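Colleague: Sequences listed follow chains A and B, in order.
For any residue, its number in my numbering is found by taking its place in the first sequence, counting from 1, and adding 452.
For any residue, its number in my numbering is found by taking its place in the second sequence, counting from 1, and adding 452.
Check the hints yourself; a few may be wrong.
Where chains are identical, the list cannot tell them apart; a pair therefore holds if satisfied intra-copy or between any two copies.
[Stated by the list, open to error] 25 Å max Cα-Cα, derived DMTMM-like pairs, lysine to aspartate or glutamate: (1) K506 to D658; (2) K831 to E588; (3) K720 to E588; (4) K831 to E845; (5) K828 to D841; (6) K760 to E560; (7) K831 to D841; (8) K505 to E884; (9) K576 to E832.
Keep in mind the hints are simulated off the structure, nothing from the lab.
What you are looking at is a predicted structure, and each value in this text was computed from that prediction instead of being measured.
Protein chains: 2
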Amino acid sequence: MKCLKYAAFFLASGLLATTATAQNVTDSQQVAHITNEVLLHGTAYQNLEYLCKKIGHRLSGTGAEARTRTWAIQAFKEAGADTVWLQPVMVPKWTRGKESLKIRKGKELITIPMLSLGNSEGTKGKNMEAEIVCFETMEALKNAPEAMLKGKIAFLNYPFPAHFPCTFDGYSEVGGNRYNGPAIASRKGAVAFVIRSLSTGVGTYDLPHTGVMSYGDAPYKIPAIAIGNAAADSICKWVKQNAVRAVLNSSCGMQEDVLSYNIVAELKGTSGHYITVGGHYDSWDVGEGAHDDGAGCVQSIEVIRCFKQLNIKPKNTIRAVLFANEENGAKGGRAYADSALSKQEVHVLAVESDAGGFSPRGFSLEMSASEVQIVKSWKEVLLPLGLYDFAREGGGVDIDPLRKKLKTPLAGLMPDTQRYFDVHHCEKDVFEAVNKRELHLGAASMAAFIYLADKYFN
Amino acid sequence: MKCLKYAAFFLASGLLATTATAQNVTDSQQVAHITNEVLLHGTAYQNLEYLCKKIGHRLSGTGAEARTRTWAIQAFKEAGADTVWLQPVMVPKWTRGKESLKIRKGKELITIPMLSLGNSEGTKGKNMEAEIVCFETMEALKNAPEAMLKGKIAFLNYPFPAHFPCTFDGYSEVGGNRYNGPAIASRKGAVAFVIRSLSTGVGTYDLPHTGVMSYGDAPYKIPAIAIGNAAADSICKWVKQNAVRAVLNSSCGMQEDVLSYNIVAELKGTSGHYITVGGHYDSWDVGEGAHDDGAGCVQSIEVIRCFKQLNIKPKNTIRAVLFANEENGAKGGRAYADSALSKQEVHVLAVESDAGGFSPRGFSLEMSASEVQIVKSWKEVLLPLGLYDFAREGGGVDIDPLRKKLKTPLAGLMPDTQRYFDVHHCEKDVFEAVNKRELHLGAASMAAFIYLADKYFN
Numbered sequence: 453m454k455c456l457k458y459a460a461f462f463l464a465s466g467l468l469a470t471t472a473t474a475q476n477v478t479d480s481q482q483v484a485h486i487t488n489e490v491l492l493h494g495t496a497y498q499n500l501e502y503l504c505k506k507i508g509h510r511l512s513g514t515g516a517e518a519r520t521r522t523w524a525i526q527a528f529k530e531a532g533a534d535t536v537w538l539q540p541v542m543v544p545k546w547t548r549g550k551e552s553l554k555i556r557k558g559k560e561l562i563t564i565p566m567l568s569l570g571n572s573e574g575t576k577g578k579n580m581e582a583e584i585v586c587f588e589t590m591e592a593l594k595n596a597p598e599a600m601l602k603g604k605i606a607f608l609n610y611p612f613p614a615h616f617p618c619t620f621d622g623y624s625e626v627g628g629n630r631y632n633g634p635a636i637a638s639r640k641g642a643v644a645f646v647i648r649s650l651s652t653g654v655g656t657y658d659l660p661h662t663g664v665m666s667y668g669d670a671p672y673k674i675p676a677i678a679i680g681n682a683a684a685d686s687i688c689k690w691v692k693q694n695a696v697r698a699v700l701n702s703s704c705g706m707q708e709d710v711l712s713y714n715i716v717a718e719l720k721g722t723s724g725h726y727i728t729v730g731g732h733y734d735s736w737d738v739g740e741g742a743h744d745d746g747a748g749c750v751q752s753i754e755v756i757r758c759f760k761q762l763n764i765k766p767k768n769t770i771r772a773v774l775f776a777n778e779e780n781g782a783k784g785g786r787a788y789a790d791s792a793l794s795k796q797e798v799h800v801l802a803v804e805s806d807a808g809g810f811s812p813r814g815f816s817l818e819m820s821a822s823e824v825q826i827v828k829s830w831k832e833v834l835l836p837l838g839l840y841d842f843a844r845e846g847g848g849v850d851i852d853p854l855r856k857k858l859k860t861p862l863a864g865l866m867p868d869t870q871r872y873f874d875v876h877h878c879e880k881d882v883f884e885a886v887n888k889r890e891l892h893l894g895a896a897s898m899a900a901f902i903y904l905a906d907k908y909f910n
Numbered sequence: 453m454k455c456l457k458y459a460a461f462f463l464a465s466g467l468l469a470t471t472a473t474a475q476n477v478t479d480s481q482q483v484a485h486i487t488n489e490v491l492l493h494g495t496a497y498q499n500l501e502y503l504c505k506k507i508g509h510r511l512s513g514t515g516a517e518a519r520t521r522t523w524a525i526q527a528f529k530e531a532g533a534d535t536v537w538l539q540p541v542m543v544p545k546w547t548r549g550k551e552s553l554k555i556r557k558g559k560e561l562i563t564i565p566m567l568s569l570g571n572s573e574g575t576k577g578k579n580m581e582a583e584i585v586c587f588e589t590m591e592a593l594k595n596a597p598e599a600m601l602k603g604k605i606a607f608l609n610y611p612f613p614a615h616f617p618c619t620f621d622g623y624s625e626v627g628g629n630r631y632n633g634p635a636i637a638s639r640k641g642a643v644a645f646v647i648r649s650l651s652t653g654v655g656t657y658d659l660p661h662t663g664v665m666s667y668g669d670a671p672y673k674i675p676a677i678a679i680g681n682a683a684a685d686s687i688c689k690w691v692k693q694n695a696v697r698a699v700l701n702s703s704c705g706m707q708e709d710v711l712s713y714n715i716v717a718e719l720k721g722t723s724g725h726y727i728t729v730g731g732h733y734d735s736w737d738v739g740e741g742a743h744d745d746g747a748g749c750v751q752s753i754e755v756i757r758c759f760k761q762l763n764i765k766p767k768n769t770i771r772a773v774l775f776a777n778e779e780n781g782a783k784g785g786r787a788y789a790d791s792a793l794s795k796q797e798v799h800v801l802a803v804e805s806d807a808g809g810f811s812p813r814g815f816s817l818e819m820s821a822s823e824v825q826i827v828k829s830w831k832e833v834l835l836p837l838g839l840y841d842f843a844r845e846g847g848g849v850d851i852d853p854l855r856k857k858l859k860t861p862l863a864g865l866m867p868d869t870q871r872y873f874d875v876h877h878c879e880k881d882v883f884e885a886v887n888k889r890e891l892h893l894g895a896a897s898m899a900a901f902i903y904l905a906d907k908y909f910n
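Could you put the whole structure together from the sequences, leaning on the hints where they help?
Modeller: So, in structure tokens, the structure goes:
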């Protein structure tokens, strides 16, 4: 493209300023100040680089998770937080250890890239060999007779539903397969569960994507693993030709719960009430947890930095929280809400960013109809940031307990979703997959949203 | 992120289908069919891979440009076009040749990555050495006395305005600097013009970005070049310390005009009128012209494929046009409009995609107020694709002559803009910078928009 004649967004909002009410003038101008500050001087991107490259992935209970706390306390102080402290919480500790999956093809053993699912038990480091039974849908697995699965490996080869414009709609459809599949297979006597990864990846087509599973009330804690799309295609094809046997060896398993902490920073207000903004700092043990959810962490720090830098004095205390243990227990969010409940804190709003550091499009909302109306009254003011979509429900895993226990209104930053499941829970979720402008525009969106909520929510 | 409770977009539009008017039911369903078809079976991404990797960049008048025509004719036939033909047009031919920029630092000569600006003349392969005068703004350059620039190299070090949420607003502010800067410097007696690249790049911080310039009525056709942000920072710092001399050597220059062609494919309608959809197939001679504008080309081919596959019989003939020579002459677009005018064709609408293969957000419009109202009446139907923004003006460089000569209503696909000027006109505009889902969602948006326009525009 050579040249353009677009009417400038900011000219348009300048125009708005001269024609709209005084209240809108101020809000639009303040949102423009916030946007300028974050896009020109934001430190979220350099914070993310440190978190990803100097610390790396940070599963609950690991040394990296502990090092994240040391770094975050410093980062919050540099951002200008009035106080920073650690809120203790016991979290599950799961370890991966060595693992391998091999397919017996004649005399050959073909190694398949794989990842055990989080919270799964392994084979205790011993080879387990069994025949693979392939299912194209979850329904087919549920309807399979026990005789078909007894002593076999259940393989669910259902592809990520790619036809939804919003990839989270695809993920919603299949996320339960990964979570509940192992228990269903176990109840039918399967000795292991293999799932085609929940992945939209093209460049990452052969990478396995991990994620949490649960045994529920399953009789046996059978090993549960994910394989990449390309491997899934191949194995399915082989199974159609001949009986295929696989050799699985893994050492993963749950350990004793350990002590961890939510990281909490405050910018003090005067009302005695709170607005929470956060993301989770734990991540899966592959990649660098850049989009999931390093992005949400550094954006939350940026909200504090931006408010401080622009000398915005919030009515309510702004609490930026980096939650512990979202991925395999969600204990951090529960501990935070329990604490708020026991201290009889009033929480005006909680906002979470946990859908990736991509270009923002809106906020999902979980609040009363009248509160939704307040948010929708900000539409014109937020539109210059590319925020238009307030129609979805939900807040976020970590803030959800605040709703359940304190009836806190919730909002979740909703970025563009096209690339999230290319990198989600796999080794490609690294710093390089995050674009600086996209990350910062998301941070500006959170700061603007919280600025307005602080003013108009009570 | 572990799980989500978002209300599904498609469930929402399904609900709409049962409550809205019969017309909306059909339109929403058809848009869903188009979306499914493109997201599940689209070939735009594989076409783009061929164009980028087998042909590569394709400046007007090159062999690669000619090979693109052979490929495109075949691609259109495979997509199911009723006819494909070539529309001749004479285009300027500019060649780069060898080029280098070196900074004299004491006894050292430091090589600076650089690119001559398109349509610039060079130094005829001879070393030109002169002192650099640095300007922080275009105003400063315009106001500089001639004595300050006589025999010197004018260096405009104005950074890309990064504070606009829409990067095209930043580009609009500085695009003229690159286009007009060389003439302004020439009129003041400068012997060369150097510009800090129009680039938002972080990972591409030191890469020069080329683009078109014009001498206008300048007395001398002085060499004009771009350097990367990092080099610009360094040179500016050095100039502040001491007088800095640079040695420029370049062989670029304009050749005789040559014969090229627009590539035109049709899906026949019954009304005798036309809807044009297109992008330009020429590109700068660095990178692979993936976002600019391979994306627009393969999306236009996809519109034909999708209509054919879904057996959509358009009222108007759908013309997919891959325009020649957008980058350094815009001759293709003019020839197309001239031909339409001379044949007294009625063009109902023209749509261009030339802002990158990123996630779509809306269409810019250049049409009458009543036509804008028709487009805005489709908002609910297009929203599931993430299309919400119809407030910007403009169509596209290649379809602009249709408006000027035939008063054709214009629309331009408007994708997310955050990453465009990271890669624009530089060596990083390659296939790998394009995401399959984003590209295909843009193609689906164009097909949906054209489906509605074919039905409701007259």
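Colleague: Please go over all the hints and tell whether each is borne out by the structure.
Modeller: Status of the hints after comparison with the structure:
For a Cα distance limit of 25 Å, the shortest separation of K506 from D658 across copies, 24 Å, qualifies, whereas the shortest one inside one copy, 27 Å, does not. Taking identical chains as interchangeable, the C-alpha atoms of K831 and E588 are never at most 25 Å apart, the minima being 43 Å within one chain and 37 Å between chains. Taking the closest pair of Cα atoms, K720 and E588 never come within 25 Å of each other, the shortest separation being 54 Å inside a single copy and 40 Å across copies. Within a single copy, K831 and E845 get their C-alpha atoms as close as 17 Å, and across copies as close as 21 Å, so both meet the 25 Å cut-off.
Taking the shortest alpha-carbon separations for K828 and D841, both the intra-copy value of 9 Å and the inter-copy value of 17 Å come in at or below 25 Å. For the homomeric pair K760 and E560, neither the shortest alpha-carbon distance inside one copy (63 Å) nor that between copies (46 Å) is at most 25 Å. Proximity of K831 and D841 under a CA criterion of 25 Å is satisfied in both settings, with 9 Å inside one chain copy and 13 Å between copies. For a Cα distance limit of 25 Å, the shortest separation of K505 from E884 qualifies both inside one copy, at 10 Å, and across copies, at 23 Å.
For a Cα distance limit of 25 Å, the shortest separation of K576 from E832 qualifies neither inside one copy, at 58 Å, nor across copies, at 55 Å.
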